[in-house]
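Student: Model the full structure from these sequences, guided by the hints.
If you read the sequence shown in our numbering, its first letter stands for residue 1, the second for the next number, and so on.
The reader is advised that the hints may include incorrect statements.
Okay, the calculated beta carbon distance ranges per label pair [unchecked claim]:
(1) Gln37 - Asp6: 11 to 21 angstroms
(2) Asn3 - Glu24: 31 to 41 angstroms
(3) Ala4 - Gly27: 32 to 42 angstroms
(4) Asn3 - Tyr26: 17 to 27 angstroms
(5) Glu24 - Ile50: 28 to 38 angstroms
(6) Asp6 - Gly27: 30 to 40 angstroms
(7) Lys25 - Ile50: 31 to 41 angstroms
(8) Asp17 - Asp43: 19 to 29 angstroms
(9) Gly27 - Asn3: 30 to 40 angstroms
(10) Tyr26 - Ala4: 28 to 38 angstroms
Hints were generated in silico from the structure; no laboratory data involved. These numbers were taken from a predicted model, which means no experiment stands behind them. No residue lacks a Cβ here, since even glycine has one placed at the ideal position from N, Cα and C.
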Amino acid sequence: SDNAFDKFDSYYQKFEDKAKEHEEKYGEGTGDYRHRQYKKQRDEYANNSISK
1 SDNAFDKFDS YYQKFEDKAK EHEEKYGEGT GDYRHRQYKK QRDEYANNSI
51 SK
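Tutor: In structure tokens, the structure reads:
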């Protein structure tokens with residue numbers, strides 16, 4: 001549902017700082033890291049929401 005993903009979007013904000021840190025440490029594009037983490041976390045979040 002849209003509501004679940006709205007909640008996820010606010011939850012996901014926590015990854016912004018981690019992405020920036022990662023870019024500084026490893027020189028990897030923040031976008032690549034952010035996209036990987038977002039997809040991973042979104043899948044987990046969706047699976048958890050569905051199973052409840």
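Student: Could you work out which of the previously given hints the structure breaks and list their numbers from low to high?
Tutor: Hint check: 4 fails alone, others pass.
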